Structures are given as structure tokens and as C-alpha cells.
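Chains as they are written, first to last, in the working numbering: chain F, 1 to 117; chain H, 1 to 118.
Keep in mind the hints are simulated off the structure, nothing from the lab.
Note that the structure is a prediction, hence the values are computed from the model and not measured.
Idealized CB from N, CA, C, for every residue including glycine.
Be a bit skeptical, because a hint or two may be false.
[Unchecked claim] Some chain H residues judged to face chain F by a derived CB distance under 10 angstroms, without partners named: (1) Arg9; (2) Glu44; (3) Thr47; (4) Tyr48; (5) Phe65; (6) Glu78; (7) Arg114.
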Amino acid sequence: AQSVAQPEDQVNVAEGNPLTVKCTYSVSGNPYLFWYVQYPNRGLQFLLKYITGDNLVKGSYGFEAEFNKSQTSFHLKKPSALVSDSALYFCAVRDMGATSGTYKYIFGTGTRLKVLA
Amino acid sequence: DTGVSQNPRHKITKRGQNVTFRCDPISEHNRLYWYRQTLGQGPEFLTYFQNEAQLEKSRLLSDRFSAERPKGSFSTLEIQRTEQGDSAMYLCASSFRQGISGRWETQYFGPGTRLLVL
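Please put together the full structure from these sequences, using the hints given.
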């Protein structure tokens, strides 16, 4: 079964510093990986995805993620954090299921990012 | 606004009452998903439609839950005889099928309906 793990409940970083939010995955077959951000009392906003191709994926708001097959990781990164980046971040994997045609996502438990001014 | 919309945004109800939520997906998106998110957790899949057909249901979806997408556009999620454990954020997402495998699809989420059962 597909799964993702976000080992950190919270990450604190100073404004202007680089940030990393960690995600590891476990899949059978090719991984389809996603990052979403959630602001308070809001739905999830899509940031970026890895399907195939370059291991470094660029997404919205200056975020990028590095796919590492050997370490089964898909860490979210940003070179310079902003206070406005403070939110809850979710890593997700598309569940390929036992049969074709399964499209649901399996989400991690989330990492709260706090960017300190 | 052409994103996914959900109504109501908040619902407070008493235990035992029925509630219904509505989701309007991005137009022309043929897939629609319902997830449930409890405090401190990531969203958990409930069910999914392709056009009007409900193709998958999670074991989380007890007999008290029913979802419909009658014309392949908007969807409703009904919870009968609500229990306090049903209190959660209910999220709807939609996507557009691309290609045979659909691997390029991205799900876009609505703002959610927050349910509180007293």
C-alpha cells in the first residue's frame, strides 16, 4: 500500500533563511507525489507535483521539491522563507491501488511551518 | 471565481440530525472527490466520482453517509443521524481526466465545510 510520512510536526525558520519540509514515501511502482499548503480555515492549495522527469520540481510561490528515488524522499524547499509562508504543509501520494483506475490521494499528517520575523 | 466551491462553509448541528453538503467542482472537471480532515490529521479519502458514477468508496464511509453526483456536475454529501465523531472538515476536490493513465491529473480542493456535531 502507498503511504507518505512527514517526520516533523513543526518546522521553525527565520525569515530570509532557506526552508526544508521533509516527506518520505513508500509506493509500489512509480510514485506520483504532490505538495499542498493549507492556511487556517481554508482548503488545500496545490503547490507542485512530481510525475516523471527532472528530480527538481518547481512550483508556486517560489517553492520547489527534490525527488530522491534512492532515499524515497520528496522534500519541499524554498531558498528564502517569508513570514507569509507560515502554514500547514501536506505531502501526498496518488494511490495506485490494487487495480487500475484508483485516483485517490493519500496524505501525510502535515507539517506546520512557522517563519519567524 | 472558477475554483471549487463548497456550501455551507460551516455547519453546527445536534447529534442525530441529518446534514447535507454541496460541492461545485471546476467546470469541465469530470472527476470529483470527497475527503474528511480531522484536527491534526491529513485529509482522508471518502469517495470519488467520474462523471455521475461513484467508482470508489472508502471503508470510512459508513451506511450513514451517502454521496451523489446526479448530473455529473455538482455533488452532495449527506450524513444521516450525525454523531459527535462526524465533526470534521469535509473537503471536496475535482480533477480533469487526462490521457489513459491519468497520471498527469492534479486535484484542486475547495475551501471545505466544517461540521460541528453537538
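How the hints compare with the structure:
no.: 1; hint: Arg9; in the structure: 8 angstroms, holds
no.: 2; hint: Glu44; in the structure: 7 angstroms, holds
no.: 3; hint: Thr47; in the structure: 9 angstroms, holds
no.: 4; hint: Tyr48; in the structure: 6 angstroms, holds
no.: 5; hint: Phe65; in the structure: 16 angstroms, violated
no.: 6; hint: Glu78; in the structure: 20 angstroms, violated
no.: 7; hint: Arg114; in the structure: 7 angstroms, holds
The structure is inconsistent with the numbered hints 5 and 6, although it conforms to all the rest.
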